[in-house]
Amino acid sequence: MIQRYRASAGIMLAPAVTLIGIFILLPMLLTIWLSFQDWSTQTPFSSASFIGLDNFREIFGPTSVGRDFKGALTNTVIYTALSVILILPLSVAFGLMVYQHDVAGGTALRTVLFSTYMVPMIAVALVWSKLYSPSEGPLNQMLGLFGIGPQPWLSSPRSALISIVFLNVWQQVGYFTVLAIAGLTQISGSLYEAAKLDGASRFEQFRFITLPLMRRTLLFSAVIAIINAVQVFEPVALITQGGPVGSTNVLTYHIRRVGIERAQGGLGSAMAVMLMLSLIVVVCALFALANRKDVE
Amino acid sequence: MSLAWTSKLALAASLAILPATGWAQSVNISYLTHWSPETVALLEAAAKDYAKTNPDVSVTVRAVPFGDLLTTLRSQGGGSDGPTIGGIYDLWLPELARDKLVAPAPDAVANEVKGAWPAGVTSAASVGGKLYGIPNEIDVYALNYNKALFKQAGIAAAPKTWNEFKEAAKKLTNKDAGRQGFGMINSWAAGVVHPFASLLVSNGGELVKDGKPALDSPQTAETFQLYEDLIKSGASVPAMATADANTTGPFLDNFVSGKTGMIIMANWWESALKTGMGDRFADIATAPIPVGPSGDKPHSISYSWMTVVDANAGAAEQKAAWDFLAWLNNPKSGKNGASAMSDILMSMGILPSRISDIEAHKDKLGSEFLSGYVSVLADAKPFPVVPGGQEFSESLQQTLEALQYGQVSAKDAQATAQADATSILERAAK
Numbered sequence: 001m002i003q004r005y006r007a008s009a010g011i012m013l014a015p016a017v018t019l020i021g022i023f024i025l026l027p028m029l030l031t032i033w034l035s036f037q038d039w040s041t042q043t044p045f046s047s048a049s050f051i052g053l054d055n056f057r058e059i060f061g062p063t064s065v066g067r068d069f070k071g072a073l074t075n076t077v078i079y080t081a082l083s084v085i086l087i088l089p090l091s092v093a094f095g096l097m098v099y100q101h102d103v104a105g106g107t108a109l110r111t112v113l114f115s116t117y118m119v120p121m122i123a124v125a126l127v128w129s130k131l132y133s134p135s136e137g138p139l140n141q142m143l144g145l146f147g148i149g150p151q152p153w154l155s156s157p158r159s160a161l162i163s164i165v166f167l168n169v170w171q172q173v174g175y176f177t178v179l180a181i182a183g184l185t186q187i188s189g190s191l192y193e194a195a196k197l198d199g200a201s202r203f204e205q206f207r208f209i210t211l212p213l214m215r216r217t218l219l220f221s222a223v224i225a226i227i228n229a230v231q232v233f234e235p236v237a238l239i240t241q242g243g244p245v246g247s248t249n250v251l252t253y254h255i256r257r258v259g260i261e262r263a264q265g266g267l268g269s270a271m272a273v274m275l276m277l278s279l280i281v282v283v284c285a286l287f288a289l290a291n292r293k294d295v296e
Numbered sequence: 001m002s003l004a005w006t007s008k009l010a011l012a013a014s015l016a017i018l019p020a021t022g023w024a025q026s027v028n029i030s031y032l033t034h035w036s037p038e039t040v041a042l043l044e045a046a047a048k049d050y051a052k053t054n055p056d057v058s059v060t061v062r063a064v065p066f067g068d069l070l071t072t073l074r075s076q077g078g079g080s081d082g083p084t085i086g087g088i089y090d091l092w093l094p095e096l097a098r099d100k101l102v103a104p105a106p107d108a109v110a111n112e113v114k115g116a117w118p119a120g121v122t123s124a125a126s127v128g129g130k131l132y133g134i135p136n137e138i139d140v141y142a143l144n145y146n147k148a149l150f151k152q153a154g155i156a157a158a159p160k161t162w163n164e165f166k167e168a169a170k171k172l173t174n175k176d177a178g179r180q181g182f183g184m185i186n187s188w189a190a191g192v193v194h195p196f197a198s199l200l201v202s203n204g205g206e207l208v209k210d211g212k213p214a215l216d217s218p219q220t221a222e223t224f225q226l227y228e229d230l231i232k233s234g235a236s237v238p239a240m241a242t243a244d245a246n247t248t249g250p251f252l253d254n255f256v257s258g259k260t261g262m263i264i265m266a267n268w269w270e271s272a273l274k275t276g277m278g279d280r281f282a283d284i285a286t287a288p289i290p291v292g293p294s295g296d297k298p299h300s301i302s303y304s305w306m307t308v309v310d311a312n313a314g315a316a317e318q319k320a321a322w323d324f325l326a327w328l329n330n331p332k333s334g335k336n337g338a339s340a341m342s343d344i345l346m347s348m349g350i351l352p353s354r355i356s357d358i359e360a361h362k363d364k365l366g367s368e369f370l371s372g373y374v375s376v377l378a379d380a381k382p383f384p385v386v387p388g389g390q391e392f393s394e395s396l397q398q399t400l401e402a403l404q405y406g407q408v409s410a411k412d413a414q415a416t417a418q419a420d421a422t423s424i425l426e427r428a429a430k
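Those protein sequence lines, which keep their order, are chains A and B. The first sequence begins at 1 in the working numbering and counts up by one. The second sequence begins at 1 in the working numbering and counts up by one.
Keep in mind the hints are simulated off the structure, nothing from the lab. Among the hints, erroneous ones may be present.
Said to hold, decoys possible - Only pairs whose alpha carbons sit at most 25 Å apart, straight line, appear in this in silico DSS-like list of lysine-lysine: (1) K147(B) / K175(B); (2) K274(B) / K130(A); (3) K114(B) / K175(B); (4) K130(B) / K114(B); (5) K335(B) / K130(B); (6) K52(B) / K151(B); (7) K175(B) / K297(B); (8) K130(A) / K319(B); (9) K171(B) / K70(A); (10) K259(B) / K274(B); (11) K335(B) / K362(B); (12) K130(A) / K175(B).
Said to hold, decoys possible - Stretch-level coverage of chain B by chain A, calculated; a stretch enters the list once three of its residues show a Cβ under 8 Å from a Cβ in chain A: (13) 87–100; (14) 116–122; (15) 252–258; (16) 398–408; (17) 412–425.
Stated by the list, open to error - Label pairs and their in silico Cβ distance ranges: (18) A123(A) / R62(B): 17 to 27 Å; (19) D81(B) / I280(A): 30 to 40 Å; (20) I11(A) / P65(B): 29 to 39 Å; (21) A108(A) / D229(B): 22 to 32 Å; (22) A81(A) / S36(B): 54 to 64 Å; (23) K232(B) / L126(A): 57 to 67 Å; (24) L19(A) / D81(B): 24 to 34 Å; (25) P37(B) / Y192(A): 40 to 50 Å; (26) M28(A) / P37(B): 17 to 27 Å; (27) L29(A) / D229(B): 48 to 58 Å; (28) N163(B) / A93(A): 15 to 25 Å; (29) A285(A) / A429(B): 35 to 45 Å; (30) L19(A) / K212(B): 23 to 33 Å; (31) D412(B) / P89(A): 53 to 63 Å.
Just so it is clear, CB atoms sit at the ideal spot from N, CA and C, and this is done for glycine as well.
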């Protein structure tokens with residue numbers, strides 16, 4: 001009986017497992033295999049030759065290859081950390097504002113917030129590159145009204161990456177606000193009523209009811225925000241081309257440059273493997289932290 | 001006549017005309033370029049003219065930003081559906097030929113090119129003695145300066161030496177007005193490296209000698225030092241130097257709005273200057289690159305562009321592509337003995353490289369702006385076309401940008417540039 005049950009379960013799972021194997025696992029395994037090969041992306045896989053850990057030594061080495069990779073990895077970490085740190089609190093704040101039943105125009109605000117997520121990146125890039133223009137950009141003109149001098153924004157290695165982060169936060173915060181609202185709807189109103197009867201202030205309600213009960217939503221949001229941020233590509237390709245001085249050269253853009261423009265498939269694959277490993281470690285650490293809190 | 005007989009007759013007629021339709025089958029070829037919409041319209045018009053005598057060939061033109069051109073060629077050129085023709089920068093050719101993405105030119109085309117183009121341009125379109133592309137444009141760098149700003153600053157003539165150049169940059173700089181004396185460029189490899197290389201060759205140095213990097217020379221040290229001096233004195237402001245993926249952006253905006261006194265740029269940006277400046281374009285003049293303390297006379301860097309054919313396209317598409325390119329670059333396809341290609345290039349202020357085209361356009365090439373470029377062409381040195389050239393260029397770009405933003409000293413920048421170039425060119429040569 002159990003054997004028949006297992007057989008039928010296997011048959012039912014087979015299509016999904018096969019598709020996952022072909023379209024997800026196989027490319028991942030191929031990338032890992034290529035990371036140990038010397039291979040040009042313009043030649044067949046059969047021309048790849050095994051070179052052991054040389055690609056990994058190169059990307060962590062002292063030459064320009066290593067320096068550029070480490071710079072791109074650092075930029076990606078900073079970009080991801082800043083994006084998550086800004087997006088999550090803002091999405092909760094906006095979510096709380098929009099979720100208030102007694103606030104007029106809540107639905108309209110929700111629509112406006114989400115609309116930024118629907119604007120194509122090419123349009124966002126065009127508009128923001130002009131907003132950031134050091135000489136004629138509206139941002140500098142507005143700062144001028146408050147007596148603040150013109151800022152270099154995308155023209156300085158100190159501020160270029162942060163400027164791209166702002167653009168990302170502007171575009172993504174609406175989507176994460178919707179997620180936050182979904183989390184808020186899961187919290188029973190009776191808890192707030194009970195807290196009010198016990199004399200809890202608004203802040204205490206937020207601190208001891210809203211935040212703990214939104215932990216799972218925030219964990220999901222954090223994971224999605226991290227994955228989105230790590231995959232940043234379009235604003236860099238469209239606006240800064242990784243510059244100035246490589247300050248916005250993030251890993252996805254750098255892998256494209258190495259793997260496609262320079263056709264160094266082995267090196268590009270080694271970089272992609274490191275990116276994948278970093279992402280797995282961060283996401284696992286996040287889940288482990290959340291599970292530990294649950295146990296406590 | 002019964003329905004059965006009608007059907008049989010129709011089938012027989014269809015079979016009879018089948019070979020004829022086979023002969024008349026059209027060939028579709030595509031042309032990938034980074035040109036602006038206005039220039040693409042001119043190319044499309046030329047393709048229409050070609051279709052009048054070659055109705056079976058259909059040419060579609062596709063444009064991508066310069067920053068995406070190589071990636072598009074590499075990612076789509078491997079398949080038979082990729083662009084049949086691509087306009088490429090000569091620096092990319094050795095690696096595209098090595099990876100068998102571009103097809104060698106047929107003998108007839110190769111012989112025509114060898115007879116009608118200067119030898120240096122033909123060699124930049126060849127790898128291992130085989131010609132891979134039909135050269136079309138040649139670009140050379142010169143000093144552009146704003147005559148109105150020169151007059152305001154009391155500078156009588158364009159600087160001829162580095163000392164005069166530094167002095168002029170200092171006089172032109174006005175921090176309160178947000179004006180810099182000399183405009184550098186960043187965030188765009190050629191925009192960063194070519195002006196530096198032009199100053200280097202005008203100081204008697206070279207980027208690459210006999211296939212090996214030559215950035216450890218005293219001439220290179222002096223050129224890095226010149227950059228450091230310009231930055232430290234405030235005569236060059238790196239925040240005003242940014243370029244975007246379309247090779248426009250603040251560096252261009254600052255020059256057209258009179259916030260940059262001098263800049264080293266190639267002739268092709270004439271159309272961008274005219275568009276941005278309107279009547280004030282008359283204020284812009286061209287002069288040779290100032291000569292450094294170790295140089296003998298003005299030199300600059302030149303590079304060329306060519307059209308190549310996808311090696312993975314079908315035989316019919318490849319033949320149609322070479323035929324179209326041969327027509328496009330032929331002196332009979334344009335006006336007054338010029339090729340249609342040269343007419344398109346001249347609309348952007350780009351110098352054509354075919355000898356007969358230079359003759360046909362001599363009136364326009366004598367304009368105040370372009371004649372300055374034509375005059376420096378004879379002493380220009382081609383940018384080194386070597387395997388790994390693009391990576392070498394991007395690496396030097398990073399080092400120069402680090403110097404621009406004060407992250408490294410001139411001495412450290414030189415050491416880093418030489419070490420990086422050595423490792424890149426050695427790896428690429430393997």
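**Study point:** Enumerated hints in conflict with the structure, sorted upward
**Key:** 3, 5, 6, 7, 8, 9, 14, 20, 21, 22, 23, 25, 26, 28, 30 and 31
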